[in-house]
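Chemist: Given chain A, work out where chain B should sit, using these hints.
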Amino acid sequence: MSRLTQFDLIRQNLSRKPFRTGMLVAVVALFSFTLFCGTMVGNNISNGTRMMAERLGADVMFVPHGYEKEMQNALLRGEPSSFYLDRGLAEELRGEENVEKVTVQLFLATLKAACCTLPVQLIGFDPGTDFVVRPWMASVIDRPLGESEVVVGNKIVGETGDTILLFGKEFVIAARLDATGMGFDTSVFMDIDRARRLLLLSDLGPHLNLPAGMDRQSFVSSTLVKVAPLADGKSTVNALLQKYAVKYNLDFIVVAGMITDISSRLNIFSTVFYGFSGMLWVLAVGILALVFSAVLQERRKEFGLLRIIGASRADLVRIVLKEALLISGGGAALGLVAASLVLFPFSTYIDSVLQLPSLHTGFIVPAAVGLGVFLLGLSTGPLACLPAIYRLGKVDAYLSVREEA
Amino acid sequence: MKSSLFSSLFVLLLGLLTALTPYYLFPVCEATVASASGASIPMKCFWMARAVLGQGIIVMFAGLVLAVFSSPGVRLGTGLMLLPISLVTALLSTQLVGVCASETMACHMGTLPAVCLLSLFTALCAAAIAWKARKNMVSLKHKRSP
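Sequence order for the protein chains is A and B. Note that my numbering numbers the first sequence so that position 176 is 176, with each residue one more than the last. Note that my numbering numbers the second sequence so that position 72 is 72, with each residue one more than the last.
Here chain A stands alone, though its shape is the one from the complex (with noise of 0.2 Å):
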């Protein structure tokens, strides 16, 4: 006959009641779930954020009237448009004072690139001037594109040397940028002058539909701006907008308050998810302390025979403390086991609903974060037997035993 162990009473204890104690891991699991599965979808949209802030670069972009959303959706999403804006713009900032630095970029959706008929977004910059997407490409390339080379966002399809199909020219992938989270993962990045060409030269050339006055040999889709680094940059913009707005016909996004705006949204959730969490872990606290404060009643027989037959009050208490960490533990667990089978397998498919930028970190960030949620699971239960275990030092095993009898 095998000795009766802690470890067999506790599992003994647990498997007698499978319902009462799935709930009971149902509850810290669904803590641990939220949990996580907040803190990594908010993890990734603060990098996003910060990577975003890091590579525009700009302090304004001037667009054409009406296609401010278009520009934020192709910087945001990557969601391909075209449209087109007098380089006259550029060439009269360049005088302004305040202003440092002004370059132009040409946004065109093609209709097919690498596989799968999806249209890309190919944005043509001019290397000249231009101190967005150079810094970045720094990185990769350290030469200028040559005339059939083209660099491609991270998520392109294609690697380094392959071609990739634009408005039916074959171009060489001469290297891919890093992520960022942002609308620039999925864009194929050339020259300016030889995107504008292709277009001209394409099947859509002689449709293009360009605002009258523009010349078609020289148009853009933006102007990019930063403003001297001591100037006032709202009243700098101000002064630009009254003086060129109607001339040009434009609109204008103001990068610093494009991000000011995602922080707070990314704020808003934080509050309301860590708020949510929080009622969450209330409650699962709550709730087990409630079910073991009735279950240790229900067997203050067995606790009064066990301290009869040689058990201690520390025994006792251990006992408590081991199914209350067996539950916790287990919820937490299954919590952080399946926030992984969600966020991870479909983290793309979650920042393509989330529609803000995302930059997903190595191993290092989520490990933490689950290290530390499954640590905040496992306390739910020892805390919530505590007044459990303070009353289970008080009962007379004589008195519990005999009250049953």
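Since the hints were made in silico from the structure, they are not lab data. These figures come from a predicted structure and were not determined experimentally. Think of the CB as a built atom: it goes at the ideal place given N, C-alpha and C, for glycine as much as any other residue. There could be a bad hint or two in this list.
[Unchecked claim] Pulled from the structure, derived: some chain B residues nowhere near chain A, Cβ distances all over 12 Å: (1) Ser3; (2) Leu12; (3) Leu13; (4) Val74; (5) Leu80; (6) Leu117; (7) Asn136.
[Stated by the list, open to error] Reference excerpt, derived from the structure (chain A facing chain B, CB under 8 Å, subset only): (8) Arg94; (9) Asn98; (10) Val157; (11) Thr186; (12) Leu341; (13) Pro345; (14) Phe346; (15) Ser352; (16) Phe363.
Modeler: Positioned in the frame of chain A, the structure of chain B alone reads:
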């Protein structure tokens, strides 16, 4: 008895989800590509969806078998066969047919992970059913022999 019915219904549900995922839950791409002759043909995710639909129907049938037959031998055999079926389902979406290469295509970011996860759950459920059935067979054998 109750747990065997529950596991059978769970397998049935997994089969149904596997069949429906590429069409309704996480639909594959609807766009087409032009062939060399100029015809529009569906992309490979379309064919993967069809194959996975077939696999889902097989898993549903296995669920029905498990619900109807309580014999440990039948349950063991069905559970064991579900293992390679779920493996093939996962391979259909990854290697055997696959999905579109681009990460942001609907089939790549939704259908592929969903089918793989459902295959994993089916395999785990099948392993548990087979293990339980084997245990029942062994205990029945011990009861019969003096």
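Chemist: Next step is simple, just say for each hint if it's right about the structure.
Modeler: Going through the hints against the structure:
no.	hint	result
1	Ser3	10 Å, violated
2	Leu12	21 Å, holds
3	Leu13	17 Å, holds
4	Val74	26 Å, holds
5	Leu80	25 Å, holds
6	Leu117	6 Å, violated
7	Asn136	18 Å, holds
8	Arg94	37 Å, violated
9	Asn98	39 Å, violated
10	Val157	4 Å, holds
11	Thr186	6 Å, holds
12	Leu341	6 Å, holds
13	Pro345	3 Å, holds
14	Phe346	5 Å, holds
15	Ser352	7 Å, holds
16	Phe363	18 Å, violated
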